[in-house]
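As they're listed, the protein sequences go chains V, S and W. First residue of the first sequence? That's 74 in my numbering, and the numbers climb one at a time after it. First residue of the second sequence? That's 2 in my numbering, and the numbers climb one at a time after it. First residue of the third sequence? That's 163 in my numbering, and the numbers climb one at a time after it.
I should point out that these hints are in silico values taken from the structure, not numbers from a laboratory. Beta carbons are placed, not taken as given, at the ideal position from N, Cα and C, and that holds for glycine. Some hints here could point you the wrong way.
To be verified - Taking lysine to any residue and the SDA-like style, the derived pairs with C-alpha atoms no more than 20 Å apart in a straight line are:
id, chain 1, residue 1, chain 2, residue 2
1, S, K222, S, L446
2, S, K234, S, A499
3, W, K215, V, D108
4, S, K110, W, D203
5, W, K215, V, A97
6, S, K110, V, G149
7, W, K215, V, I81
8, S, K222, S, G207
9, W, K401, S, E614
10, W, K215, V, D109
11, S, K110, V, D132
12, S, K222, S, L263
13, W, K215, W, T240
14, S, K110, V, D109
15, S, K530, S, P556
16, S, K110, V, N196
17, S, K110, W, R200
18, S, K110, S, D29
19, S, K234, S, A265
20, S, K110, V, V121
21, S, K110, V, I81
22, S, K110, W, K401
23, W, K215, V, H100
24, S, K110, V, A80
25, W, K215, V, G149
26, W, K401, V, E150
27, S, K222, S, D204
28, W, K401, V, I81
29, S, K530, S, A499
30, S, K110, W, R207
31, S, K234, S, T185
32, S, K110, W, G204
33, S, K530, S, R572
34, S, K530, S, Q505
As the list claims (entries may be wrong) - Now the in silico label distances, taken between C-beta atoms and shown as ranges:
id, chain 1, residue 1, chain 2, residue 2, range
35, S, V500, V, P82, 56 to 62 Å
36, S, V500, W, P416, 20 to 26 Å
37, S, N182, W, P416, 26 to 32 Å
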Amino acid sequence: MSEMSGAIPIELTVNGRRRALEVAAHHTLLEVLRDDLDLTGTKECCLVGECGACTVRLDGRIVDSCLVLAVEADGGEVTTVEGLAPESRLSRLQGAFLDRGGVQCGFCIPGQVMAADDLLRRNPHPSVPEIQEGLAGNLCRCACYEQITEAVLAAAGEEER
Amino acid sequence: MTAARVGAAPRRVGGDARVSGRQQYVADVHLPDELHAKLVTLPVARARILAIDTSAALAVPGVHLVVTAADLPQPMPRFGPQFEDRPVIAVGETKYHGDPVAAVAADTKDAAEEAARLVRVTYEELPAIVTIAAALDPAAPLVQDPALRPNDPLSGTNVLREHRVGWGDVAAATAELVVENRYTFPMVTHFAIEPHAFMAAPDGEGIAVWSSIQHPNWLQKVIARLLGMPLAKVRVFAPDPGGGFGGKQHTKYEPLVAFMALRAGRPVRLVLTLEETFQAVRRTAAEIRVRTGVRADGTIAFQDIEADYLIGAYADIADRVVGKGSYPGCGPYRVPDARILARSILSHTVPSTAFRGFGNPQVNWAVESNLTEAAIRLGIDPLEIRLRNLARKGEAFIPFDTPCDGTWEQAVRRAAELIGWGMPAPAGRGRGIAVGIKSGPTTGLSYSTVRLLADGSVIVYAGTSDMGQGARTVFAQIAGQELGAPLDAVTVVMGDTAVVPYDQQTSASRSTVLMGNAVLAACRDIQAKLRAMAARLHGIDEAAIVVDRGVVRLPDRELSILDVLRPGLGRLGGELIGNGEMRKDAEPDHPLGGSAAFFEFNCTAVEAEVDEETGDVTLVRYVTVSDVGKAINPLQVRMQDEGAAIQGLGHTLMEHYIFDEAGRIRNLGAIDYRIPTSMDLPLEMHSEIIENEDGPGPYGSKGMSEGALLCVAAAVAGAVRDATGVAIRDLPLTPERVWRALRDRP
Amino acid sequence: MHPFAYARPTSVAEAVALLDEHGPDARILAGGTDLVIRLRDGTVRPSLVVDVKRIPELRPRIDLVGGVLMISAGSVMTDVATDARVRRHFPALVEAAEVVGSVQIRNRATLAGNVCNASPAADTAPPLLVYGAIVVAAGPGGIRRLPLDELFVTSGQTTLARGELVTAIELPVPARRMGATHVRRTRRRGHDLASVTLCCAVDDAGVTRLAYGSVGPRPVLVIDESGVLADPAAPDEAKAAVFEQMFAAARPSPRSMRASPEYRLAMLRVLGARALRTAIARLGEGAA
Chain V
74 MSEMSGAIPI ELTVNGRRRA LEVAAHHTLL EVLRDDLDLT GTKECCLVGE CGACTVRLDG
134 RIVDSCLVLA VEADGGEVTT VEGLAPESRL SRLQGAFLDR GGVQCGFCIP GQVMAADDLL
194 RRNPHPSVPE IQEGLAGNLC RCACYEQITE AVLAAAGEEE R
Chain S
2 MTAARVGAAP RRVGGDARVS GRQQYVADVH LPDELHAKLV TLPVARARIL AIDTSAALAV
62 PGVHLVVTAA DLPQPMPRFG PQFEDRPVIA VGETKYHGDP VAAVAADTKD AAEEAARLVR
122 VTYEELPAIV TIAAALDPAA PLVQDPALRP NDPLSGTNVL REHRVGWGDV AAATAELVVE
182 NRYTFPMVTH FAIEPHAFMA APDGEGIAVW SSIQHPNWLQ KVIARLLGMP LAKVRVFAPD
242 PGGGFGGKQH TKYEPLVAFM ALRAGRPVRL VLTLEETFQA VRRTAAEIRV RTGVRADGTI
302 AFQDIEADYL IGAYADIADR VVGKGSYPGC GPYRVPDARI LARSILSHTV PSTAFRGFGN
362 PQVNWAVESN LTEAAIRLGI DPLEIRLRNL ARKGEAFIPF DTPCDGTWEQ AVRRAAELIG
422 WGMPAPAGRG RGIAVGIKSG PTTGLSYSTV RLLADGSVIV YAGTSDMGQG ARTVFAQIAG
482 QELGAPLDAV TVVMGDTAVV PYDQQTSASR STVLMGNAVL AACRDIQAKL RAMAARLHGI
542 DEAAIVVDRG VVRLPDRELS ILDVLRPGLG RLGGELIGNG EMRKDAEPDH PLGGSAAFFE
602 FNCTAVEAEV DEETGDVTLV RYVTVSDVGK AINPLQVRMQ DEGAAIQGLG HTLMEHYIFD
662 EAGRIRNLGA IDYRIPTSMD LPLEMHSEII ENEDGPGPYG SKGMSEGALL CVAAAVAGAV
722 RDATGVAIRD LPLTPERVWR ALRDRP
Chain W
163 MHPFAYARPT SVAEAVALLD EHGPDARILA GGTDLVIRLR DGTVRPSLVV DVKRIPELRP
223 RIDLVGGVLM ISAGSVMTDV ATDARVRRHF PALVEAAEVV GSVQIRNRAT LAGNVCNASP
283 AADTAPPLLV YGAIVVAAGP GGIRRLPLDE LFVTSGQTTL ARGELVTAIE LPVPARRMGA
343 THVRRTRRRG HDLASVTLCC AVDDAGVTRL AYGSVGPRPV LVIDESGVLA DPAAPDEAKA
403 AVFEQMFAAA RPSPRSMRAS PEYRLAMLRV LGARALRTAI ARLGEGAA
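Chain V on its own, in the form it takes in the complex:
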């Protein structure tokens, strides 16, 4: 049958690059990204899908990678924060986060940027409530929320009224 255990081979595209590796069934996508692929930009915090620090893009949608088993991503396409801007330049959105003071300790920021990037793809001109709702799955204890909202508005080309 199709029962797999031990080291399970998977193939996935991460930030545009094809990766082939072996993973344990019980390892999450978050663990594999950080520990096996050295992509430490995606962070570990709550591990129960509440804080969003582990947000990545999987097959075109953002997800909490702590709740995805790596095997589930076999054949899939993953984008992490490292893949948002090519060749070490910053995207317009990332620049806006810096310009508007949306970054304090920075630990939640990879997740916030992934969620904001996703929101702007779906809704290029979001209102403030839409931004707040779109990023509600990303906790910030430094509570940079006001500035993050302004950054997203700025990146969308709107100024806050």
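Once you have looked at the hints, place chains S and W on chain V.
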């Protein structure tokens, strides 16, 4: 080229790395050959340890080490910033839910987790004290071994210490109105998004330790003492923490990890889960009884405050929180007679530690709420009563401490204006206003070294921890301004005790003032050397030369720093090195060990709507105004104030530990411990600052970042009271609590 | 996490066979937003996890055929909430799907998983009950259909037999015009588990359907055919009396951390009344 001007808001130094995921926090650092550690804890609040069987754990493939108290030096080494009461690992007894009894180190995280599950502890559950009432019961078991404080008359009780402050004669004082109430402040946790992380590795004859610590030099001292090594052989790497808020100030599991690394001969890393951080750090909870005497004209006659703070099983820095936090408890007012008694009370709970506000928010909640009640009962406007009593600049409102150091009335009037105080509120809405002060650092010592390199670029060494408040950027702006370097030509080096000179600590909103002044002094040292260089080059008297913000002014012309530096260094090249120091010495006779370097002052005003059927509180408008002296970086100041306010909304509206009858924490983790999300913000938020350049820091700055958290609860509860007529004296103001209070109103 | 074996069947028959063989030692993995949490905290310890997402029939799909909307078991909350037909015919389901966690959660959590998990607080359960959802299950004995109301037993327990899995949820397009809404009580405005979750629908024949969750071991559906609730002119006392009957089955857990039983029961009444007013208003506006 970004301007490095003071007063500008350039992009945060270190910001690029944070938005691109390149920033390395402790958990992102890996060493070859590292072992992964996992803590073993018991599912009870308190237990006598009878036996620990590690054999099954050791048999797991990949496990190298299982450490218990028996594997550590005898007697058990202890540490703690105030009392050396905390064992490196539990010995004989676990004293709170989450107190580790063993630790495993293995090649993989999986092996460590599996082994941790297989450690068999035989224990006897003991009764646990988790409330103030239980701790004060004469029949209560003692949390701390009396032998740890042999000459202390309180050692036979669970009261660790009593702090008494006062002046005048409260017993003899009279007032037309006395308002007496009891308030409670909940037990909450820091919930930094980066869980604490630690790593240690043998380093020659010494050791290297990585930690998310806010006080690297302090940690270095502790490790050196515990391991019996010279300071110079203990290297602490302190990458910028992912949020600290006080919860990463003091040593936690670094000694354990260090012992394990030395035992294993390999690096050992320990990254806590979020649940484990709830069991590692929290704010001190409190019960506060306040008797406020107010005259008919609204002036305060006396304040009589008794604050019982519930600290954890080990003191950490919590007793200092109690003493320092309660000390300015009367608030920023003229109070002729005052008595404050604050007690730190031990319990079988997570050791409480520093948390933004440092003991002040608890008393502020009570005293400001009481003052609002006094106003209401006297028929005086709650804004008016505050203005009437507010200390004026220069007044010694705490008789033996720093006088009022700001024109605080400005912040209050501005906040009132912004909220529309005095104008009728729309139907169904209420307004609240409150003020808060906090003493800045009472002692301090910061060194900085600055190097002006041959091309005019600058390296600043500063031992401050940048945990999000933006210290790096502030120091870069100062150095850039003083030495005429653009921001992208300034590098700030922090977080390595082998390279960066001593900084006492990052706390009490001190770093702009203490380290900032040290950086400034180091820059002035370089400027002096530049003057000498210019004098030599141009044959002019040094006294006739001024170096001001990157420009060297000779009697007859101006030169850029580079125009002096290049010829001055000559063919051998080189650099100019400046050293700076800022020291605030202790005052031995002072109740706190020293007077406040400055006060943080804030006024918060809130307009709220209450859904009386459900108890939901909607913050329609929120205003916060802080007196900051000078904003070196106004954007960062705004971020700190708004961030502090929203963080304060956490304990005001939703955060609290939930215990079961056996003293175990029920709501570990993010699902049942709620903190504010982006959807929990006030509908409108305004923050402003008052800048009178009257602070002791560079360019007249004061420390800030805690002020805006101090009086959040009192302002919100004031608005709720104004909207509904109901006074609520316990936090958090969850919908259920508000609903109950409304339902039970007479 | 404890290790486990992983299977990725590519047909319903294969999945059924695996589940039948392993019984309680196997767990279905769809969205993972409930299961992975339990795997991590050790509250479930299966020896086999069966990932059903590669089964073609279960892939995310919403079809409207013959007056019945079919939502495949792999359809996630985002799919459900953004589908034009769901939005048109089942707006209260959209309201519920939109508050299940965050965007990240909604991109993974399946509608089928939300009901099969049998949490009393499942937000989609009340609207699914009100709209008369039918669960399609495949098992060793073949395919069967059962009303959703017959799926729930108690917290964490359904009537699914060994080897059975849900392949789709079917919603008959309402024959009558309806006004409906979903409301709930949480501890903060940000995403949260509900301490009361409730759906109310009123149709143009004067029938009121109300389903509530998180106030007892399973979601409860009650129907008022007297017309009293649906009548905008009926006095509040008369409605209150009907509500009392409807809420008699509510039995909130005294152990809950989210809210006390007293508060939940009070909020049940507050939300019921508010939801009813909204449902009546929406019916009046000509909402579907």
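Now the hints, each set against the structure:
1. A threshold of 20 Å between alpha carbons decides the hint, and for S/K222 with S/L446 the separation of about 15 Å falls inside it, so the pair holds.
2. Annotation: proposed proximity of S/K234 to S/A499 holds, straight-line Cα distance about 9 Å (limit 20 Å).
3. For the hint linking W/K215 to V/D108, the alpha-carbon distance of about 26 Å lies beyond 20 Å, and the restraint is violated.
4. With a CA separation close to 15 Å, the supplied pair S/K110 and W/D203 stays within the 20 Å bound.
5. This hinted pair checks out: W/K215 and V/A97 have alpha carbons roughly 19 Å apart, not beyond 20 Å.
6. Of the supplied pair hints, the one linking S/K110 and V/G149 is violated, its CA atoms being roughly 26 Å apart against a limit of 20 Å.
7. As the CA atoms of W/K215 and V/I81 are separated by approximately 17 Å, the hinted pair is consistent with the 20 Å bound.
8. About 13 Å separates the Cα atoms of S/K222 and S/G207, which keeps this hinted pair within 20 Å; it holds.
9. Note on W/K401 and S/E614: the hinted pairing holds, with a Cα-Cα distance of about 17 Å set against a maximum of 20 Å.
10. Restraint check: the Cα-Cα separation between W/K215 and V/D109 comes to about 24 Å, which exceeds 20 Å; the hinted pair is violated.
11. Between S/K110 and V/D132 the CA atoms are separated by roughly 28 Å; this puts the pair beyond 20 Å, and the hint is violated.
12. For a cut-off of 20 Å, the pair hint linking S/K222 to S/L263 stands: about 17 Å separates their Cα positions.
13. Between W/K215 and W/T240, the direct Cα distance comes to roughly 16 Å. Compliance with the 20 Å bound is thereby established for this hinted pair.
14. For the hint linking S/K110 to V/D109, the alpha-carbon distance of about 13 Å falls within 20 Å, and the restraint holds.
15. Using a Cα cut-off of 20 Å, the hinted pair S/K530 and S/P556 holds, with the two alpha carbons roughly 18 Å apart.
16. Between the alpha carbons of S/K110 and V/N196 the distance comes to roughly 40 Å, so the proposed pair goes past 20 Å and is violated.
17. With a C-alpha separation of about 19 Å, the suggested pairing of S/K110 with W/R200 holds against the 20 Å cut-off.
18. A hinted pair counts as satisfied when its Cα atoms are at most 20 Å apart, and S/K110 with S/D29 qualifies at roughly 15 Å.
19. Of the pairs offered as hints, the one joining S/K234 and S/A265 holds, with about 18 Å between alpha carbons and a cut-off of 20 Å not exceeded.
20. Our distance criterion of 20 Å between C-alpha atoms is met by S/K110 and V/V121, whose separation comes to about 18 Å.
21. For the hint pairing S/K110 with V/I81, the CA-to-CA distance comes to about 18 Å; that is within 20 Å, so the pair holds.
22. For the suggested pair S/K110 and W/K401, the alpha carbons sit about 59 Å apart, so the restraint of at most 20 Å is broken.
23. Using a Cα cut-off of 20 Å, the hinted pair W/K215 and V/H100 holds, with the two alpha carbons roughly 18 Å apart.
24. Restraint check: the Cα-Cα separation between S/K110 and V/A80 comes to about 16 Å, which is no more than 20 Å; the hinted pair holds.
25. The hinted pair formed by W/K215 and V/G149 meets the criterion: a straight-line CA distance of about 13 Å does not exceed 20 Å.
26. Straight-line distance between C-alpha atoms of W/K401 and V/E150 comes to about 54 Å, which puts the hinted pair past the 20 Å bound.
27. Of the pairs offered as hints, the one joining S/K222 and S/D204 holds, with about 17 Å between alpha carbons and a cut-off of 20 Å not exceeded.
28. Proximity of W/K401 to V/I81 is assessed by CA-CA distance (about 60 Å); at most 20 Å being required, the pair is judged violated.
29. Taking the CA atoms of S/K530 and S/A499, the gap is about 26 Å. The hint is violated against a cut of 20 Å.
30. Annotation: proposed proximity of S/K110 to W/R207 holds, straight-line Cα distance about 18 Å (limit 20 Å).
31. Straight-line distance between C-alpha atoms of S/K234 and S/T185 comes to about 46 Å, which puts the hinted pair past the 20 Å bound.
32. With a C-alpha separation of about 16 Å, the suggested pairing of S/K110 with W/G204 holds against the 20 Å cut-off.
33. Proposed proximity of S/K530 and S/R572 is supported: the alpha carbons are some 18 Å apart, at most 20 Å.
34. Restraint check for S/K530 and S/Q505: not satisfied, since their Cα atoms lie roughly 27 Å apart, outside the 20 Å limit.
35. Hint check: S/V500 to V/P82, Cβ distance near 44 Å, so the stated range 56 to 62 Å is violated.
36. For S/V500 and W/P416, the Cβ-Cβ distance of about 58 Å falls outside the hinted range of 20 to 26 Å, so the restraint is violated.
37. Taking 26 to 32 Å as the suggested C-beta distance range, the pair S/N182 and W/P416 conforms, at roughly 30 Å.
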